[in-house]
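Enquirer: Let the hints inform the model, and build the full structure from the sequences given.
Chain by chain, the residues:
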Amino acid sequence: MPAVKVKRMGIAIDMTPLVDVAFLLLTFFMLTTKFKPQEEVEVNLPASHAKFKMPESDVMTITFSPDGRFFLGLDSQQLRGQLFGERNKLKPSIAVTVEELTSLAQQARSANPKLRTIIKGDRSGPYGPAEDVMNALQKANIARFELVTETEAQ
Amino acid sequence: MAGGMDLGGGRSHGKKSKKRKGRRLGIRMDMTPLVDVAFLLLTFFMLTTTFSLPQVMEINLPPSESRSEVTESTLLLLRILPDGRVFWNFGTDVPKSIPWEELRSFLKGRAQSNPNLITLVKVDRKSKYENSVRIIDELYLAQITKFSLAPLLEQDKKLMGITDES
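Chains A and D are the protein sequences, given in the same order.
Read left to right, the first sequence gives residues 1 to 154 (the numbering used here).
Read left to right, the second sequence gives residues 1 to 166 (the numbering used here).
Treat each hint with caution, since some may be false.
Here are the computed lysine-lysine pairs in the DSSO-like style, where the Cα-Cα straight-line distance is at most 27 Å [to be verified]:
1) A/Lys139 with D/Lys126
2) D/Lys122 with A/Lys139
3) D/Lys122 with D/Lys158
4) A/Lys51 with D/Lys122
5) A/Lys51 with D/Lys146
6) D/Lys108 with D/Lys146
7) A/Lys91 with A/Lys53
8) D/Lys126 with D/Lys96
9) D/Lys158 with A/Lys51
10) D/Lys96 with A/Lys53
11) D/Lys96 with D/Lys157
12) A/Lys51 with A/Lys34
13) A/Lys34 with A/Lys91
14) A/Lys114 with D/Lys157
15) A/Lys114 with A/Lys89
16) A/Lys114 with A/Lys51
17) A/Lys53 with A/Lys34
18) A/Lys139 with D/Lys108
19) D/Lys96 with D/Lys146
20) A/Lys91 with A/Lys114
21) D/Lys146 with D/Lys122
22) D/Lys108 with A/Lys53
Hint data in this document are derived by calculation from the structure and do not stem from the laboratory.
Quantities reported herein were computed from a predicted structural model and do not represent experimental measurements.
Expert: Printed below as a string of structure tokens:
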């Protein structure tokens, strides 16, 4: 802007507070941001009025896709290495069959007793796979689990 | 790294154009590119941040070997058919259809009139997963926190007068 150079009343605004605030917000967002973990399948969650927030740590996620595939995910990389082998350690979840699910869930549970089980399913998929997962969990003596939903817009 | 070069260029330019105060050797830095980048990052993080974690609905399954005898009059059976319709009945009564919208008030009324109501939910495997979540949600909203989930058997289907055509 060459016009500023010309003899004119220049307005100088002290930008320091603005920058301060900007950086404050920037650090806040940078520190609080948690990127969505990469997932093997995208599922559209069903809606509910449930009030509990999804736990962030010590979770075992069982995802089933509408086409009947099952994925077991664990949040701890160490546990993933232990269960799925070192090769699959970096994958957030691996495809499993219902038969494997029982023993894997049992192993995961014995490795970390605090582990909470979370079931994720697609809203438009059939209920059948969910029933299979529940049966598998029941066989693994996991009686408590959670279904992931999103908040229903009222 | 164009930002770094801009910063350097801007500084010398800014120094020259600003009037110099005698008191102190002030370094005037053109902060514009810095602020630009800061705001760019700020918008990026603001837009990508998701504050709301998904909600979870807790379910407790009874151990598979547990059996409890219940009187039929206190047993409320809810069945969800493959097409998503809901039927209810007590014990061995004839199942009656109920629309989803009326389910909540119906369940609330039932739960209030009979506090030791035992609810059994039978969902068909071909029914949508959404329906099962919805009925559990309705049960929780009606303060019915104890219920059982069971598969919809062939005899249930026969009772409802539907054949397994698909």
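Enquirer: For the pair supplied as a hint, A/Lys114 and A/Lys51, confirm whether the alpha-carbon distance does not exceed 27 Å.
Expert: 21 Å, holds
Enquirer: Within a Cα-Cα threshold of 27 Å, do A/Lys91 and A/Lys114 meet the stated pairing?
Expert: 22 Å, holds
Enquirer: Holds or violated: A/Lys51 and D/Lys122, Cα atoms, limit 27 Å.
Expert: 24 Å, holds
Enquirer: For the pair we were handed, A/Lys114 and D/Lys157, check the Cα-Cα distance against 27 Å.
Expert: 40 Å, violated
Enquirer: Quick one, are D/Lys158 and A/Lys51 close enough, alpha carbons at most 27 Å?
Expert: 38 Å, violated
Enquirer: Quick one, are A/Lys91 and A/Lys53 close enough, alpha carbons at most 27 Å?
Expert: The given pair, whose Cα atoms are some 24 Å apart, holds under the 27 Å limit.
Enquirer: Does the structure keep A/Lys139 and D/Lys108 at a Cα separation of 27 Å or less?
Expert: Roughly 33 Å between the alpha carbons, so the hint for A/Lys139 and D/Lys108 is violated.
Enquirer: Take the C-alpha atoms of D/Lys122 and D/Lys158, compute the straight-line distance between them, and say whether it is at most 27 Å.
Expert: Answer holds: D/Lys122 to D/Lys158 is near 14 Å, not above 27 Å.
Enquirer: Just to be careful, I want the Cα atoms of D/Lys146 and D/Lys122 compared with a cutoff of 27 Å; is the pair within it?
Expert: 14 Å, holds
Enquirer: Given the proposed pairing of D/Lys96 with D/Lys146, does the C-alpha separation stay at or below 27 Å?
Expert: 22 Å, holds
Enquirer: Sort out whether A/Lys53 lies within 27 Å of D/Lys108, counting only the CA atoms.
Expert: 25 Å, holds
Enquirer: Does D/Lys126 lie within 27 Å of A/Lys139 when you go C-alpha to C-alpha?
Expert: 22 Å, holds
Violated hints, in rising order: 9, 10, 14 and 18; the structure is consistent with all others.
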